[in-house]
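Engineer: The primary structure of each chain is shown beneath.
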Amino acid sequence: MNKALFIISLQHELAMAIGNKLDLKAMLKVFLKVCFNRLNLTSAHIHIYCDQSGSPCKIMPLESINYQHLLSIPQRKQGKPWSQDKVLTHFSEKLCHKQENISFQYDNGHFLFGFIIPDHGLLTLETHYLLEPEVQKALQPILQKLATSCNTSLVHDSLVKEVHSRQLIEERAAFQAQRDSLTGLYNRQHINFLLSNAIAEAHQDKSIGSVLFIDLNRFKPINDAMGHSVGDKVLLTLAKRLLSLSNDKIAIGRFSSDDFIILVKNLSLDYQDDIKLLIKEINQLLEVPFVIDANSYKLNCSIGYTLFPQQSSTVNNLIKFAEIAMYEAKRTKAHQGKQYQVFMSEKIKQRLTYADDMKQALLQDDFTLYYQAQYNHQGDIIGAEALLRWYHPLYASLSPADYIPIAEESELILAIGQWILEQACYDIKRLEQLQLPTSFKKIAINISAKQLIQSDFQNRVLQAIEKNNISPERLVLELTENLLVENIEDSINLITSFKEKSIDCAIDDFGTGYSSLTYLKRIPASILKIDRSFVAKIEQSRESAAIANMIISLGNTLNMSIMAEGVETEAEFDCLKALGCHNYQGYYFSKPLPLEEFIKILR
Amino acid sequence: MDTELFTWHTYSNTLDDLKQGLLLAQKSYAKSLLMLTCNQNNYCEAALNSLLKTCNLPIFGGIYPMVILQDRLLEQGAVIIGFKEKFDTSYFSRLQLISNDDCLETMITETLEQKNYFSGHDSFLMFYDALTNNVEDFIDCLFECLDHNVNVAGGGAGNLDLIQRPCIFSNQGLLSNTLLLVTLPKKLNTSVAHGWDIFQGPYLVSDAQNQTVKSLNYQPAFKVYNQTISAKTDHQFTEDNFLDIAKNYPLGIKDINNNLIIRDPILTENNHLKCVGNIPINSMVYLLKTDNETLISSAKRAAIEVANFDKKITIVFDCISRMLYLGEHFNEELLAIAEHCSTPVLFGVLSFGEIANSQSGAIRLFNKSTIIGSW
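Same order as they appear, the protein sequences are chains A and B. Just so we're aligned, residue 734 is where the first sequence starts under the working numbering, counting upward by one. Just so we're aligned, residue 2 is where the second sequence starts under the working numbering, counting upward by one.
Please note: incorrect hints may appear among the correct ones.
Cut-off 30 Å, straight-line C-alpha distance, at most; resulting in silico cross-link-like pairs (DSSO-like, lysine-lysine) [what the hints assert, rightly or not]:
{"no.": "1", "chain 1": "A", "residue 1": "Lys810", "chain 2": "B", "residue 2": "Lys187"}
{"no.": "2", "chain 1": "A", "residue 1": "Lys810", "chain 2": "B", "residue 2": "Lys233"}
{"no.": "3", "chain 1": "A", "residue 1": "Lys813", "chain 2": "B", "residue 2": "Lys312"}
{"no.": "4", "chain 1": "A", "residue 1": "Lys736", "chain 2": "B", "residue 2": "Lys187"}
{"no.": "5", "chain 1": "A", "residue 1": "Lys870", "chain 2": "B", "residue 2": "Lys255"}
{"no.": "6", "chain 1": "B", "residue 1": "Lys87", "chain 2": "A", "residue 2": "Lys813"}
{"no.": "7", "chain 1": "B", "residue 1": "Lys20", "chain 2": "A", "residue 2": "Lys813"}
{"no.": "8", "chain 1": "B", "residue 1": "Lys233", "chain 2": "A", "residue 2": "Lys736"}
{"no.": "9", "chain 1": "B", "residue 1": "Lys215", "chain 2": "A", "residue 2": "Lys754"}
{"no.": "10", "chain 1": "B", "residue 1": "Lys312", "chain 2": "A", "residue 2": "Lys819"}
{"no.": "11", "chain 1": "B", "residue 1": "Lys255", "chain 2": "A", "residue 2": "Lys762"}
{"no.": "12", "chain 1": "A", "residue 1": "Lys754", "chain 2": "B", "residue 2": "Lys233"}
{"no.": "13", "chain 1": "A", "residue 1": "Lys736", "chain 2": "B", "residue 2": "Lys87"}
{"no.": "14", "chain 1": "A", "residue 1": "Lys819", "chain 2": "B", "residue 2": "Lys85"}
{"no.": "15", "chain 1": "A", "residue 1": "Lys810", "chain 2": "B", "residue 2": "Lys290"}
{"no.": "16", "chain 1": "B", "residue 1": "Lys233", "chain 2": "A", "residue 2": "Lys766"}
{"no.": "17", "chain 1": "A", "residue 1": "Lys762", "chain 2": "B", "residue 2": "Lys275"}
{"no.": "18", "chain 1": "B", "residue 1": "Lys28", "chain 2": "A", "residue 2": "Lys813"}
{"no.": "19", "chain 1": "A", "residue 1": "Lys1174", "chain 2": "A", "residue 2": "Lys1066"}
{"no.": "20", "chain 1": "A", "residue 1": "Lys766", "chain 2": "B", "residue 2": "Lys312"}
{"no.": "21", "chain 1": "B", "residue 1": "Lys275", "chain 2": "A", "residue 2": "Lys819"}
{"no.": "22", "chain 1": "A", "residue 1": "Lys754", "chain 2": "B", "residue 2": "Lys275"}
Example chain B residues on the side facing chain A (calculated, C-beta under 8 Å, incomplete) [unchecked claim]:
{"no.": "23", "residue": "Tyr12"}
{"no.": "24", "residue": "Thr15"}
{"no.": "25", "residue": "Leu96"}
{"no.": "26", "residue": "Gln360"}
{"no.": "27", "residue": "Ser361"}
{"no.": "28", "residue": "Ala363"}
No lab work stands behind these hints, which were simulated from the structure alone. Beta carbons: idealized from backbone N, C-alpha and C, even for Gly.
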């Protein structure tokens, strides 16, 4: 009676020990521990069936069986894991092969009893006594229950894995929703979100924060010349460098192409110093050249910043203000960054108004070309430079130097440039129809950077010439030295191509662009124009005279003709003439004139 | 006495005398010291800490209700044994903070790995704070992590008033909630005896949690216990005599080999019985009884069993409850052990809970038992 009660209580206790944990190994360990204690075992072991990859699995009937050692109590025998114990290994092999309960007696009188956990594994019990048949029999329903629990654990495990992989996907999606795909920095949306929170915190904590807008200078030429893959690597490298600045107060984001945002929270009372230091650190990060695919690129940036909540408490305004300040920093070449000021917005507004009015001017034909005559040292007019003038009640007094840079900030310059090209060709046609002095050769027009990089620029020029049926020799394209330096290879190709079609090019503002003489030699331009800054009061400046002399010598060496621009006095003229410069342009000779008046002096 | 062993004892309860003993031990050839002291000494904790910290030899042991030396019981005083070998000691401290099996396993494995699983040594003495609440889980886990065929003898330290105080000695001072494992340089042989027989039962443990039996045969545990004892003996429980009666009728868990593992009820609360040691739910328990003669002869059998091995040192962990049961006859138990002990040195303690290997080889927590170990 007591024995029956014992077996029932044993079964009950073992059954209760099954399924207490969901993880397979943990669940089996609980069961094995209870077996160990209740059956007074010397050791206990579980081998589990597994698939080809070694993961526990349920084995279907007639399937070949792989198994591996999963658990033992105690974990070791004579200092080694049980998986290395030969007797147990052999016994398990036999048990698996036979697929029925077996036993084995050691020399020391101990026994091994092996049981099958249906479809899932093997249970081996080591005892110092003979496990009675009734007890062995009593274990059978327990092992069936254990098998069910094993299956549940496996199903749970696969669910856990699925949930985990889903979580990973969700986390990745959440990450991607916040991050810029190229650099891994925060994207614009998330920076907006962070800024919105930072503004709220700043109000709550009465603290100060800042938004820094960073734009890489001269990044576009790298992208255009070397391709986007190189440009992307530059951005990625910069992102990594900027990321070194991030901490719990500083968040870094990519705003657009080569624009980055740095959001700084909880600035100290010396916030201006903090920001200056941060800008210094950013500049230092850029001092190291960007080495991409064995090429080295030296870049710098323009930084504008704004403070919150002082300067604004709205996300859009703060970013807009920081960007405006960045443009101001870029315009003034302020490497130490610029804080946003209200006048910057007004300036922008003004520029936008100019731009709108320029668009109108183009439509209403309010622009015109003036021509400033160019002379040789014998006083003959050899050509003229076409200069843009604007008939406008408010802006008539404005110099093109004021509004052309505004047009250059947008695509407007292309429309204006095209208008100048066509108008100049039209005027050349008119001049050609007149009796021109033999000394008169060419009309020069200024070409902007954006025109130059137009893929169909050459076609446009040729079309204008063809349309007006003029001789291509009459047209000179003036390109500034700075423009050539920025796009040197393309410029060389383009000028060579124009030259083949008898269109000359002049290098304008020469002496200000620090162009390499090696490059200069390769540029097939016909004319070098000495910048007006070296001409002004040249007779009083030894330095200007020396530079002008050098330019004249260079032109002679490279077989280019030299033209001095901005000649305003007789003394300047005399000095230039003495230095060997024989072509001039400037008020000393003639101011820019409307075409009709220019025709008059030509005659 | 074995000349290779330093032994010193005192019946004095003063710390100065203990200090003298320690000085002598440190001047001896001993390379590590086992110190066992009596709870009744009531040493000043700070002064004892200082003494332990300044000891220039590895020192270990604990404060027990009483100390055994040969066939004598020291109700106060101390024993110091100096070993010629430097014993390795492992302290598992702050056990009360370990909340689950995984943490326990991590803690034990980290120590075992540090010690390279004791480099093949398989014999240990164990001294622990008896009022640490998860000692049994710890020893289960220790056995799981250790090797097949390890040999352990140990006993719980502490005070009869069952108020927890630091009671384990180390060179860092007194420790509580700590289990100390001392690696022995030689093989330890142990024997376990209790001398208790089935009186009533079996009862199915229908509800239990760790050391607390909530119900027997689906009825409140204390109600069943009380009714059985009242019906079958002359004892009647009142409000304040629980321990006086319960010490005579412990519970016994019968294992598959018909061995009885004793669980001593020490407290009744909410009709539950709280015991020293876990009682698994769904196990079968009996009420046990004994008499002086059976108890003493069981200790004698244990001593004879160990005497079969040729050893030098014998340590005894004898349950305090046996002394409480036997009273003035307890000396007969000590005499019986000493008489059959074959080693020149015999010492030990009266403990709260005893630890040794069961027949299967697993390490078990026993109650009301005599553990005799010799190496």
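Engineer: Next, verify each hint and record whether it holds.
Structural biologist: Right, here's what the structure says about each hint:
1. For the proposed pair Lys810 of chain A and Lys187 of chain B, the alpha carbon gap of about 19 Å is at most 30 Å, so the pair holds.
2. Restraint check for Lys810 of chain A and Lys233 of chain B: not satisfied, since their Cα atoms lie roughly 48 Å apart, outside the 30 Å limit.
3. In summary, the hint linking Lys813 of chain A to Lys312 of chain B is supported, as the alpha carbons are separated by about 29 Å, within the 30 Å threshold.
4. Between Lys736 of chain A and Lys187 of chain B the CA atoms are separated by roughly 41 Å; this puts the pair beyond 30 Å, and the hint is violated.
5. Restraint check: the Cα-Cα separation between Lys870 of chain A and Lys255 of chain B comes to about 20 Å, which is no more than 30 Å; the hinted pair holds.
6. For the suggested pair Lys87 of chain B and Lys813 of chain A, the alpha carbons sit about 26 Å apart, so the restraint of at most 30 Å is met.
7. Only pairs whose Cα atoms come within 30 Å are accepted, and Lys20 of chain B paired with Lys813 of chain A is rejected, the gap being roughly 44 Å.
8. Distance hint between Lys233 of chain B and Lys736 of chain A is fulfilled; the C-alpha atoms sit about 24 Å from each other, no more than 30 Å.
9. Taking the CA atoms of Lys215 of chain B and Lys754 of chain A, the gap is about 24 Å. The hint holds against a cut of 30 Å.
10. A threshold of 30 Å between alpha carbons decides the hint, and for Lys312 of chain B with Lys819 of chain A the separation of about 33 Å lies outside it, so the pair is violated.
11. Restraint check: the Cα-Cα separation between Lys255 of chain B and Lys762 of chain A comes to about 23 Å, which is no more than 30 Å; the hinted pair holds.
12. A hinted pair counts as satisfied when its Cα atoms are at most 30 Å apart, and Lys754 of chain A with Lys233 of chain B does not qualify at roughly 43 Å.
13. Straight-line distance between C-alpha atoms of Lys736 of chain A and Lys87 of chain B comes to about 50 Å, which puts the hinted pair past the 30 Å bound.
14. The straight-line distance between the Cα atoms of Lys819 of chain A and Lys85 of chain B is roughly 39 Å, outside the 30 Å bound, and the hint therefore fails.
15. A distance of roughly 39 Å separates the Cα atoms of Lys810 of chain A and Lys290 of chain B; the hinted pair therefore is violated under the 30 Å criterion.
16. Using a Cα cut-off of 30 Å, the hinted pair Lys233 of chain B and Lys766 of chain A is violated, with the two alpha carbons roughly 36 Å apart.
17. Pair hint Lys762 of chain A plus Lys275 of chain B holds up; C-alpha atoms about 27 Å apart against a cutoff of 30 Å.
18. Our distance criterion of 30 Å between C-alpha atoms is broken by Lys28 of chain B and Lys813 of chain A, whose separation comes to about 41 Å.
19. Distance restraint check for Lys1174 of chain A and Lys1066 of chain A: the Cα-Cα separation of roughly 39 Å exceeds the 30 Å cut-off, and the hinted pair is therefore not satisfied.
20. About 34 Å separates the Cα atoms of Lys766 of chain A and Lys312 of chain B, which puts this hinted pair outside 30 Å; it is violated.
21. A distance of roughly 44 Å separates the Cα atoms of Lys275 of chain B and Lys819 of chain A; the hinted pair therefore is violated under the 30 Å criterion.
22. For the suggested pair Lys754 of chain A and Lys275 of chain B, the alpha carbons sit about 27 Å apart, so the restraint of at most 30 Å is met.
23. Contact between Tyr12 of chain B and chain A, as hinted, is not supported at the beta carbon level, the nearest pair being about 42 Å apart and thus beyond 8 Å.
24. Look at Thr15 of chain B: its Cβ only gets to about 45 Å from chain A, farther than 8 Å, so that hint breaks.
25. Taking 8 Å as the C-beta contact cut-off toward chain A, the hint placing Leu96 of chain B at the interface is violated, the least distance being around 19 Å.
26. A least Cβ separation of about 6 Å between Gln360 of chain B and chain A falls short of the 8 Å threshold, and the interface hint therefore holds.
27. Annotation: interface hint on Ser361 of chain B holds; nearest CB of chain A at approximately 5 Å, less than 8 Å.
28. At its closest, the beta carbon of Ala363 of chain B sits 7 Å from a beta carbon of chain A; the interface hint therefore holds under the 8 Å criterion.
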